[in-house]
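Let's have the full structure, built from the sequences with the hints guiding it.
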Amino acid sequence: MSNLPDIILSNKSKIKFAMSLCARCSMCAPSCFLYRANNGDPTYMPSYKMLNSIGLIFKKKGNLSDNDLENIKNIVWEKCVLCTRCYCSLGIDIPYLISLARDFCRQKGVYKTYDN
Amino acid sequence: MIKVKRKKFDEIIDCIDRYNNILNVGCGGCASVCLGGGQKEVGILNEELRLYYEKKGEKKDIDAYTVERACNEKCFLDLPNVIEKGNYDAIITMCCSAGTQLIAEKFNKIPVYPAVDTIAIGIDRDIGLYEEKCRACGHCVIGYTGGICPITRCAKSLFNGPCGGTNKGMCEVNPNIPCAWYEIYNRLKEQNRLEDIKKIHPPVDWKNQIQRTVVQYGYEERYVNMDV
Ligand code: SF4
Ligand code: SF4
Ligand code: SF4
Ligand code: SF4
Numbered sequence: 090m091s092n093l094p095d096i097i098l099s100n101k102s103k104i105k106f107a108m109s110l111c112a113r114c115s116m117c118a119p120s121c122f123l124y125r126a127n128n129g130d131p132t133y134m135p136s137y138k139m140l141n142s143i144g145l146i147f148k149k150k151g152n153l154s155d156n157d158l159e160n161i162k163n164i165v166w167e168k169c170v171l172c173t174r175c176y177c178s179l180g181i182d183i184p185y186l187i188s189l190a191r192d193f194c195r196q197k198g199v200y201k202t203y204d205n
Numbered sequence: 002m003i004k005v006k007r008k009k010f011d012e013i014i015d016c017i018d019r020y021n022n023i024l025n026v027g028c029g030g031c032a033s034v035c036l037g038g039g040q041k042e043v044g045i046l047n048e049e050l051r052l053y054y055e056k057k058g059e060k061k062d063i064d065a066y067t068v069e070r071a072c073n074e075k076c077f078l079d080l081p082n083v084i085e086k087g088n089y090d091a092i093i094t095m096c097c098s099a100g101t102q103l104i105a106e107k108f109n110k111i112p113v114y115p116a117v118d119t120i121a122i123g124i125d126r127d128i129g130l131y132e133e134k135c136r137a138c139g140h141c142v143i144g145y146t147g148g149i150c151p152i153t154r155c156a157k158s159l160f161n162g163p164c165g166g167t168n169k170g171m172c173e174v175n176p177n178i179p180c181a182w183y184e185i186y187n188r189l190k191e192q193n194r195l196e197d198i199k200k201i202h203p204p205v206d207w208k209n210q211i212q213r214t215v216v217q218y219g220y221e222e223r224y225v226n227m228d229v
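Which chain is which? The protein sequence lines are A and B, in order. Per the numbering used here, residue 90 is the first one in the first sequence, and the count goes up by one each step. Per the numbering used here, residue 2 is the first one in the second sequence, and the count goes up by one each step.
Rather than coming from a laboratory, the hints here were simulated on the basis of the structure. Glycine included, each C-beta is placed from N, C-alpha and C at the ideal position. Heads up, a few of these hints could be off.
With the Cβ distance kept under 8 Å, some of the chain A side facing chain B (calculated, not the full set) [what the hints assert, rightly or not]:
(1) Asp95
(2) Ile96
(3) Leu171
(4) Tyr185
(5) Asp192
(6) Tyr200
(7) Thr202
(8) Asp204
Now the structure itself:
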């Protein structure tokens, strides 16, 4: 059963488009300052972050375990600051898709609080 | 980053008392980082409001939604939808006043009230402890003043050296506050560039200040038709 919120459903075609179009070409990687600052750690690649956050949420139709949510939280807050500067040559709006994953987590009460 | 601090409870009540169906909007950017108005703080305020009105025997619906950045419409995410569905009589915001103004502009049929004060552009000394460093004067002089902002740090925001009240390193306005110009002098001296203190800077023309727009280098062509 699908447990996807309206905002994700209304962006369904965008997400599907991104998931099928992303060729893991890694062209987006150098446009992310965090990827560069972390010596090219592939888990900082914008495409990796997108596919393993909103991509996973979409694939699992919103039915995520607590562990999944924690992993996504780590990706979308610790590995991305949503500076919106990454660039995909195929036109995928990666930051927007990552922000959808953040919103999904927030609605589940999972988010970064900065107080520790 | 920008530092915000929650307003006094009474002031928030004064703003929202006449409404029954309210949305509290938090911000996932600076307001979250400074622990002033992120999702957690929105939740805390809403809980306090709920208890307050419950005690008074009044029924109010106060919802919460946190955007990723209130200063960028692209980061509003579901906010337009939430507002449309919620049919709110008022919105309170816990982002900075810039974000609040964007929300007020975009949803201009609904009264918008900030529940926080935007205090400073500042730095983090510790968790929950911040210090103002800049007042965005628009013409930074700290290259000449040893990396110490005279606008923020000097009680009179003096540009060209200390006033006559500087007293053994302390400011005449408050003997517990270091004199900014004393610190500037010492730092420049340590760096062996005291000549910088002699470079005179014209006073800032504070009158007739108009709203600034920033067009970054390289983007002039793109916004050429904008009257900025
Ligand atoms: S939005 Fe995130 S992924 Fe894109 S460049 Fe910024 S930090 Fe990197
Ligand atoms: S709205 Fe204000 S507090 Fe929120 S990210 Fe923008 S500048 Fe920071
Ligand atoms: S002079 Fe001070 S207030 Fe002006 S831009 Fe520099 S740090 Fe900010
Ligand atoms: S004593 Fe120093 S800090 Fe105080 S007003 Fe005068 S110059 Fe500014």
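Comparing the hints with the structure gives:
Restraint check, Asp95 of chain A versus chain B: the minimum CB separation of about 7 Å is within 8 Å; hint holds. Residue-level restraint check for Ile96 of chain A holds (minimum Cβ-Cβ distance to chain B is 4 Å; threshold 8 Å). Given hint, Leu171 of chain A at the interface with chain B, holds; its Cβ is 6 Å from that chain's nearest Cβ, closer than 8 Å. Residue-level restraint check for Tyr185 of chain A holds (minimum Cβ-Cβ distance to chain B is 7 Å; threshold 8 Å).
Interface hint status for Asp192 of chain A: upheld, as the beta-carbon distance to the closest one in chain B is roughly 5 Å, under 8 Å. Evaluation of the Tyr200 of chain A hint against chain B yields a held restraint, the C-beta minimum of about 5 Å falling below 8 Å. For Thr202 of chain A, the shortest C-beta to C-beta distance to chain B is roughly 5 Å, which falls under 8 Å, so the interface hint holds. Interface restraint check for Asp204 of chain A: the shortest CB-CB distance to chain B comes to about 6 Å, inside 8 Å, so the restraint holds.
Checked against the numbered hints above, the structure breaks none of them.
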